[in-house]
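Peer 1: Produce the entire structure from the sequences given, and follow the hints as far as they go.
Heads up: the protein sequence lines correspond to chains S and Z, in order. Residues are numbered in this note's numbering as their position in the first sequence, beginning at 1, plus a constant of 279. Residues are numbered in this note's numbering as their position in the second sequence, beginning at 1, plus a constant of 115.
FYI, nobody ran anything at the bench for these hints, they're computed from the structure. We put the beta carbon where it would ideally sit given N, CA and C, even for glycine. Fair warning: there could be bad hints in the mix.
Only pairs whose alpha carbons sit at most 25 Å apart, straight line, appear in this in silico DMTMM-like list of lysine to aspartate or glutamate [what the hints assert, rightly or not]:
1. Lys324(S) / Glu198(Z)
2. Lys324(S) / Glu143(Z)
3. Lys186(Z) / Asp216(Z)
4. Lys129(Z) / Glu171(Z)
5. Lys126(Z) / Asp318(S)
6. Lys321(S) / Asp216(Z)
7. Lys324(S) / Asp216(Z)
8. Lys324(S) / Asp139(Z)
9. Lys321(S) / Glu143(Z)
10. Lys172(Z) / Asp286(S)
11. Lys129(Z) / Asp216(Z)
12. Lys281(S) / Asp201(Z)
13. Lys324(S) / Glu159(Z)
Cβ pair distances, simulated, as ranges [to be verified]:
14. Asn133(Z) / Ala299(S): 41 to 51 Å
15. Ser331(S) / Thr217(Z): 16 to 26 Å
16. Glu282(S) / Glu183(Z): 34 to 44 Å
17. Pro289(S) / Ile141(Z): 25 to 35 Å
18. Cys319(S) / Asp178(Z): 26 to 36 Å
19. Leu229(Z) / Ala296(S): 41 to 51 Å
20. Asp178(Z) / Ala299(S): 17 to 27 Å
21. Ser332(S) / Arg196(Z): 43 to 53 Å
22. Arg196(Z) / Glu335(S): 45 to 55 Å
Far from chain S, some chain Z residues (derived; all Cβ distances over 10 Å) [stated by the list, open to error]:
23. Arg146
24. Arg174
25. Thr227
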Amino acid sequence: RKEVEQDPGPFNVPEGATVAFNCTYSNSASQSFFWYRQDCRKEPKLLMSVYSSGNEDGRFTAQLNRASQYISLLIRDSKLSDSATYLCVLGDTGTASKLTFGTGTRLQVTL
Amino acid sequence: DTGVSQNPRHKITKRGQNVTFRCDPISEHNRLYWYRQTLGQGPEFLTYFQNEAQLEKSRLLSDRFSAERPKGSFSTLEIQRTEQGDSAMYLCASSLAGGGDTQYFGPGTRLTVL
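Peer 2: Next up, the structure:
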C-alpha cells in the first residue's frame, strides 16, 4: 500500500464550481501535513499546511482527520488559474522532515 | 532572485555517461534536500543535508548516486554510469530548521538519458 494515496483525476470543473480532493495516508504516526500545488513542468509550491482544527486561506480550506487518516482540500469559486496538480504531502516523523508526496490530483478548470 | 536555483535546467546524456547537477539553496537555509520526480508521480525523497552533513539517504539512492554539500551552502548530485531509468526531474529543496521548516523547491533539472 502506498504511504499517500490520491485520486489522480483529472477533475474537470467549470469556473466558479466548488471542488474537493481527498487523500489517505497509512502512517498513523505522521505529524505534519501539507497541500502543495504543482503546475505543469514546474516545481511544487506550498499551498497550505493542514491542521486538525482545519484551516482556511481565502477560497481554500484544508482539513485533517487523524482517526480516519485522511486529508481534504476544498476549493471554492474555482478560477482558471487553479488548474494544476494538487499534491498531498506528509512530513517525516523524524528529525529530517523529509516529505512524502502522493501522486497528485490533476484539476482542470474550464470556462 | 533569492529562491532556490538549480543548474543545468535540462541535461541530455547518453547511457553510461556521468552527470552532475548543482543546487544553490536560499542563503540562510541550513537544510537541503534532493528529490526525484518521474512522469505521473509525486517527488520521491533521495537525500538530505543539515549544513554539510548528509544525514539521511533513501534506498532509491543507489551507489551510482552521490551527493555532497562541502561547505554547507550549495550541493551537487552526481550520477555515474547513467541508465535510461535515471531519466527524471531532479528537484532540490531547502528549509530553515526551526523556522517552520517549510521546504522551498528549485525549478529542477530535467535529465534525459538516451
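Peer 1: Evaluate each hint against the coordinates.
Peer 2: Here's how the hints hold up against the structure:
1. Among the hinted pairs, Lys324(S) with Glu198(Z) is inconsistent with the structure: their alpha-carbon atoms are about 29 Å apart, more than 25 Å.
2. For the suggested pair Lys324(S) and Glu143(Z), the alpha carbons sit about 19 Å apart, so the restraint of at most 25 Å is met.
3. For the proposed pair Lys186(Z) and Asp216(Z), the alpha carbon gap of about 21 Å is at most 25 Å, so the pair holds.
4. Taking the CA atoms of Lys129(Z) and Glu171(Z), the gap is about 29 Å. The hint is violated against a cut of 25 Å.
5. Among the hinted pairs, Lys126(Z) with Asp318(S) is consistent with the structure: their alpha-carbon atoms are about 21 Å apart, no more than 25 Å.
6. Under the criterion of a C-alpha separation no larger than 25 Å, the hint pairing Lys321(S) with Asp216(Z) is consistent with the structure, at around 21 Å.
7. Among the hinted pairs, Lys324(S) with Asp216(Z) is consistent with the structure: their alpha-carbon atoms are about 14 Å apart, no more than 25 Å.
8. A distance of roughly 17 Å separates the Cα atoms of Lys324(S) and Asp139(Z); the hinted pair therefore holds under the 25 Å criterion.
9. Of the supplied pair hints, the one linking Lys321(S) and Glu143(Z) holds, its CA atoms being roughly 23 Å apart against a limit of 25 Å.
10. Pair hint Lys172(Z) plus Asp286(S) does not hold up; C-alpha atoms about 29 Å apart against a cutoff of 25 Å.
11. Distance hint between Lys129(Z) and Asp216(Z) is unfulfilled; the C-alpha atoms sit about 37 Å from each other, more than 25 Å.
12. Note on Lys281(S) and Asp201(Z): the hinted pairing holds, with a Cα-Cα distance of about 21 Å set against a maximum of 25 Å.
13. Straight-line distance between C-alpha atoms of Lys324(S) and Glu159(Z) comes to about 15 Å, which keeps the hinted pair within the 25 Å bound.
14. For Asn133(Z) paired with Ala299(S), a C-beta distance near 46 Å keeps the hint of 41 to 51 Å intact.
15. The hinted window of 16 to 26 Å between Ser331(S) and Thr217(Z) holds, with their beta carbons roughly 19 Å apart.
16. The given range of 34 to 44 Å is broken by Glu282(S) and Glu183(Z), whose C-beta atoms sit roughly 28 Å from each other.
17. Between Pro289(S) and Ile141(Z) the beta carbon distance is about 33 Å. The supplied range of 25 to 35 Å therefore holds.
18. Checked against the given bound of 26 to 36 Å, the beta carbons of Cys319(S) and Asp178(Z), roughly 33 Å apart, stay inside it.
19. Checking the proposed 41 to 51 Å range against Leu229(Z) and Ala296(S) shows it holds: the Cβ atoms sit about 43 Å from each other.
20. Judged by the Cβ atoms, the range 17 to 27 Å given for Asp178(Z) and Ala299(S) is violated: they are separated by roughly 44 Å.
21. Range check, Ser332(S) to Arg196(Z): Cβ separation about 50 Å, and the 43 to 53 Å hint holds.
22. At roughly 50 Å, the beta-carbon separation of Arg196(Z) and Glu335(S) lies within the given 45 to 55 Å, and the hint holds.
23. Distance to chain S contradicts Arg146(Z) as a non-interface residue, since its nearest Cβ pair spans about 7 Å, not more than 10 Å.
24. With a cut of 10 Å on Cβ distances, Arg174(Z) stays outside the contact zone with chain S, its closest approach being about 13 Å.
25. Taking the minimum C-beta to C-beta distance to chain S, about 13 Å, the non-interface status of Thr227(Z) holds against the 10 Å cut.
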